[in-house]
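Protein chains: 2
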Amino acid sequence: MTNTFSISDMAKAARAASRKMARCPTHQKNTLLRHMADLIESNADRIQTENRKDIAYAHTKGLSAAMIDRLTVSGDTIRSMSEGLRDVASLPDPVSEITRVWNRPNGLQVSKMRIPLGVIAIIYESRPNVTIDAAGLCLKAGNAAILRGGSEALHSNQVLADIIRMALSQSGLPLDAAQVIPVRDRSAVTDLLQLEEFIDLVIPRGGEGLIRFVVENSRIPVLKHYKGVCHVYVDDTAELDMALSISMNAKVQRPGVCNSMETLLVHRSMAETFLPLMAKSMQNAGVELRGCAESCHMIPGMIPATEADWPTEYNDLILSVKVVSGMDEAISHIETYGSSHTEAIVTRDYERARRFIREVDSSVVLVNASTRFNDGHQLGLGAEIGISTTKLHAFGPMGLEELTAAKFVVMGDGQIRT
Amino acid sequence: MTNTFSISDMAKAARAASRKMARCPTHQKNTLLRHMADLIESNADRIQTENRKDIAYAHTKGLSAAMIDRLTVSGDTIRSMSEGLRDVASLPDPVSEITRVWNRPNGLQVSKMRIPLGVIAIIYESRPNVTIDAAGLCLKAGNAAILRGGSEALHSNQVLADIIRMALSQSGLPLDAAQVIPVRDRSAVTDLLQLEEFIDLVIPRGGEGLIRFVVENSRIPVLKHYKGVCHVYVDDTAELDMALSISMNAKVQRPGVCNSMETLLVHRSMAETFLPLMAKSMQNAGVELRGCAESCHMIPGMIPATEADWPTEYNDLILSVKVVSGMDEAISHIETYGSSHTEAIVTRDYERARRFIREVDSSVVLVNASTRFNDGHQLGLGAEIGISTTKLHAFGPMGLEELTAAKFVVMGDGQIRT
Chain P
1 MTNTFSISDM AKAARAASRK MARCPTHQKN TLLRHMADLI ESNADRIQTE
51 NRKDIAYAHT KGLSAAMIDR LTVSGDTIRS MSEGLRDVAS LPDPVSEITR
101 VWNRPNGLQV SKMRIPLGVI AIIYESRPNV TIDAAGLCLK AGNAAILRGG
151 SEALHSNQVL ADIIRMALSQ SGLPLDAAQV IPVRDRSAVT DLLQLEEFID
201 LVIPRGGEGL IRFVVENSRI PVLKHYKGVC HVYVDDTAEL DMALSISMNA
251 KVQRPGVCNS METLLVHRSM AETFLPLMAK SMQNAGVELR GCAESCHMIP
301 GMIPATEADW PTEYNDLILS VKVVSGMDEA ISHIETYGSS HTEAIVTRDY
351 ERARRFIREV DSSVVLVNAS TRFNDGHQLG LGAEIGISTT KLHAFGPMGL
401 EELTAAKFVV MGDGQIRT
Chain Z
1 MTNTFSISDM AKAARAASRK MARCPTHQKN TLLRHMADLI ESNADRIQTE
51 NRKDIAYAHT KGLSAAMIDR LTVSGDTIRS MSEGLRDVAS LPDPVSEITR
101 VWNRPNGLQV SKMRIPLGVI AIIYESRPNV TIDAAGLCLK AGNAAILRGG
151 SEALHSNQVL ADIIRMALSQ SGLPLDAAQV IPVRDRSAVT DLLQLEEFID
201 LVIPRGGEGL IRFVVENSRI PVLKHYKGVC HVYVDDTAEL DMALSISMNA
251 KVQRPGVCNS METLLVHRSM AETFLPLMAK SMQNAGVELR GCAESCHMIP
301 GMIPATEADW PTEYNDLILS VKVVSGMDEA ISHIETYGSS HTEAIVTRDY
351 ERARRFIREV DSSVVLVNAS TRFNDGHQLG LGAEIGISTT KLHAFGPMGL
401 EELTAAKFVV MGDGQIRT
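For the protein sequence lines, the chains are P and Z, in the order given. The working numbering puts the first residue of the first sequence at 1, with every later residue one more than the last. The working numbering puts the first residue of the second sequence at 1, with every later residue one more than the last.
Chain P extracted, bound-state conformation (with noise of 0.2 angstroms):
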């Protein structure tokens, strides 16, 4: 918030950190994520003090109330942000993991060894606990994190950053290990982005907008997630109960989020035991449906769907439906319209399932499953910082492991290559 503040300093200084934090044994960073999860407990009302300027801000501003709803803190985002770090101080530590050994005939023996990534900048928007929470990920896998939240955001941010400071000082860890960006200037940020010397990876956080800008700014990488355009496809071998119980689940459950269903693919042969039982619980949770012309023709009430609903990611109760002819059409609706996030098949057929799972070119294929499971809770990661629709280094849900690397470990006797 000075004059002098320099996006530059504040990236070496994370560099210089990131080195310490790599060295770090995992109780005293353990225990470092249990302090702040003390501190943050014990400072609950400064946190919302500071958490009541922004919020009058966005007032000011105008900000919608979903908006403002993101933005507040209340008691339970207190305790679920002390509780996340509690969780992720209790997960394994994923750094000097051995992961695979083997020898060489010269008698080398060679292992891969994870390691941390460095500096991780996340960018976001305005839920603060996300301060918290990556936070939290980034130095338990031993890096050291610049943070960046919602301008909106800024006081909320700042004092956790000043409670993220008073526990690495508690635990005897570099102050610079865990830094928000003081600024609310986006500037700020294009400059970041150009960093690539001290900065390992970026994690944008938020719309498209933010991450298309991120992407189009950035020299160094970017782990992203564009969108979740989440299919399920009723085979029709699929038993009714099963595929009703999953595509409601799918749709219903939280709209909102990424890996809820948008799009549901219906065998031809069974659309018409199928489709009227669907709609009927669809429209009963207040499910607008949007058909092709034949779903359209056996349901009265759904509204026909333009080529413009396919690859939409609605995020709310409207559910798209097509009828296809079997598993060649859906892959292939799904290969055109998807993007990779997740998508579920709902069969009985062996052949088809195997299929599904070879074929399906997204970061989460699941057979006779919700779609809602591609969460890094749900499939075991411990805690997630995200999910990668994009192949490299990470595609789906990323934990800890995610948030590192690994290097080759070689070990030898004095060998030398003839």
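For the record, the hints were derived by calculation from the structure and aren't laboratory data. Keep in mind that the hints are not guaranteed to be accurate.
The list makes no distinction among identical chains, and a pair is therefore deemed to hold if it is satisfied within one copy or across any two copies.
Below, computed lysine-lysine pairings styled on BS3-like, alpha-carbon distance capped at 27 angstroms [said to hold, decoys possible]:
#1 LYS112 to LYS407
#2 LYS12 to LYS53
#3 LYS227 to LYS112
#4 LYS407 to LYS20
#5 LYS20 to LYS112
#6 LYS61 to LYS12
#7 LYS61 to LYS20
#8 LYS280 to LYS61
Model the placement of chain Z on the given structure of chain P, informed by the hints.
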């Protein structure tokens, strides 16, 4: 070579071909590689005729003898291309490999399955054999490849592209699975680097200028190798003969490559015995020595090193030498001047070996072995497409596995989220 050439059509065709390649069974991919090998041998004359056109062009352009040497396709080059392909055919197929399986309390079985990355663009300089080596590795890992060699190698690369197409056709695979950009114009590369939608990864291979150009202009993720400033640290507990043998091998066995040693760090207590012997051997092998003040004082004929020497990749018979007070100074020197490529320690001390392995942040860290082992063949990866010196996705030599990603596969019996 025609007016109608469009880089974006090429990339679209590659994307479509990549979907077919991703589903191609292992035996068919191996047959493809063996067809390529046979066709290279049976078309050796044609390849060399086209190659002579490039060499003639290179002479008119006044290219250096070293450049012309790299450009030349000899009988040995032909043999090494076809043997390389047959070797890759015999390697295990990484695609569909399940790397981990675990169960969730709700009965879901979760696994990680390797899948191809999709479309890989390789941008390289003068050696035409890279066209074949890179295409072979990309195709074996189920990817499509877009290849862009040096403009001086255009005729050679075009005939090799033609041979790859013949082999794809003989194997019943899509002809667009490996394409060579048929124009010299550099803007084709700039355009290619924007096609994030169709291309998943770019691997530049060549000098630092080429690599920086790609990083600065690409929206597509880049796997890159900036430089190899490799260090050997001779600890005071090192066995003298082993330290000499490893140092000599690391410097002189092939000084022009990235994994050769550029800087030798020597523990002060070892300097008096080790440096004179090392200097004599190095000088006998024609190595120019550039030393810190302390080593210059001990070794007659050593040139004083300047600050500019420490971060320099000589790629030549030149070695910088520094006396250090111990592990702390050695590791700190590597952190300051190294390139995260390859570092080795020579020691008999258990604790120091462990500390060097843990704390040195390079893609390959060796104990009592030559830096020259940072190589896909030497480390047992079978073949390599390059060495990555940044940590995301791959760090160190990249084999077939590094040309794949992994998706989550979830098998259930109707599970939904509650």
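Hints not upheld, ascending by number: Violated hints (numbers, rising): 2, 6, 7, 8; every other hint is consistent with the structure.
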